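These protein sequence lines are chains D and E, in that order.
Each residue of the first sequence is one higher than the one before, counting from 1 in our numbering.
Each residue of the second sequence is one higher than the one before, counting from 124 in our numbering.
It is worth saying that the hints were derived from the structure and are not from the lab.
Everything numeric in this text was worked out from a predicted model, so none of it was measured.
One or more of the hints may lead you astray.
[Said to hold, decoys possible] Distance ranges between label pairs, derived from CB positions:
# : chain 1 : residue 1 : chain 2 : residue 2 : range
1 : D       : L118      : E       : G180      : 40 to 46 Å
2 : E       : K226      : D       : T91       : 19 to 25 Å
3 : D       : S75       : E       : S130      : 42 to 48 Å
We put the CB at the ideal spot given by N, CA and C, even for glycine.
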Amino acid sequence: EVQLVQSGAEVKKPGESLKISCKASGYSFSNYWIGWVRQMPGKGLEWMGNIYPGDSDTRYSPSFQGQVTISADKSVTTAYLQWYSLKASDTAMYYCARRLSPAAAGGDWFDPWGQGTLVIVSS
Amino acid sequence: DIQMTQSPSSVSASVGDRVTITCRASQGMSNWLAWYQQKPGRAPQLLIFAAYTLQSGVPSRFSGSGSGTDFTLTISSLQPEDFATYYCQQASSFPWTFGQGTKVEVK
Numbered sequence: 001e002v003q004l005v006q007s008g009a010e011v012k013k014p015g016e017s018l019k020i021s022c023k024a025s026g027y028s029f030s031n032y033w034i035g036w037v038r039q040m041p042g043k044g045l046e047w048m049g050n051i052y053p054g055d056s057d058t059r060y061s062p063s064f065q066g067q068v069t070i071s072a073d074k075s076v077t078t079a080y081l082q083w084y085s086l087k088a089s090d091t092a093m094y095y096c097a098r099r100l101s102p103a104a105a106g107g108d109w110f111d112p113w114g115q116g117t118l119v120i121v122s123s
Numbered sequence: 124d125i126q127m128t129q130s131p132s133s134v135s136a137s138v139g140d141r142v143t144i145t146c147r148a149s150q151g152m153s154n155w156l157a158w159y160q161q162k163p164g165r166a167p168q169l170l171i172f173a174a175y176t177l178q179s180g181v182p183s184r185f186s187g188s189g190s191g192t193d194f195t196l197t198i199s200s201l202q203p204e205d206f207a208t209y210y211c212q213q214a215s216s217f218p219w220t221f222g223q224g225t226k227v228e229v230k
């Protein structure tokens, strides 16, 4: 069974750093893009960026370029989303999701999704 | 970025009703469109991709249509488990963008 299991909820202060994780299992981790999606409280979905673990090719939405860092570690089949200096406006639920088809096959739709990691940034 | 506009923002319906949700893109995108369902407190789930292809395990009461700039998600006979928020997503041009969501509520 393909599964993405995300790390637990975090409560941080503004200016702190944070790295959340998305542990993949049940498929060849290197061969599928993984994306990150933000959902602010009571709001819709926003695509942040994708990573291809096979070669660490990473693409960011312009809205998130420079604000976060996406990475992956093939040895532990885990993708990461990292902030170096959190802001209150980073408070949101963050989802990872796997591209439905491997590499460049098919379109960029995503399934399955992780269960989400809630990040709260408050002084 | 391609802007995706869904309508309506919410719809009130009863079990057994036919529900139609529309998604309009700011530029043509062939059939590079997906639909997701999100229930409260849960992650989104892929329902339909490539505008009309049903994801494995999704009930056949869900269907998608459209091409270019106008797309539709139809639930032929609404079931209790279908009360949720639905999002369209374009995969034509990075960054991928979502519609603002349509909440299907109990009438």
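Against the structure, the hints come out as follows:
no.	hint	verdict
1	L118(D) <-> G180(E): 40 to 46 Å	violated, 27 Å
2	K226(E) <-> T91(D): 19 to 25 Å	holds, 22 Å
3	S75(D) <-> S130(E): 42 to 48 Å	holds, 46 Å
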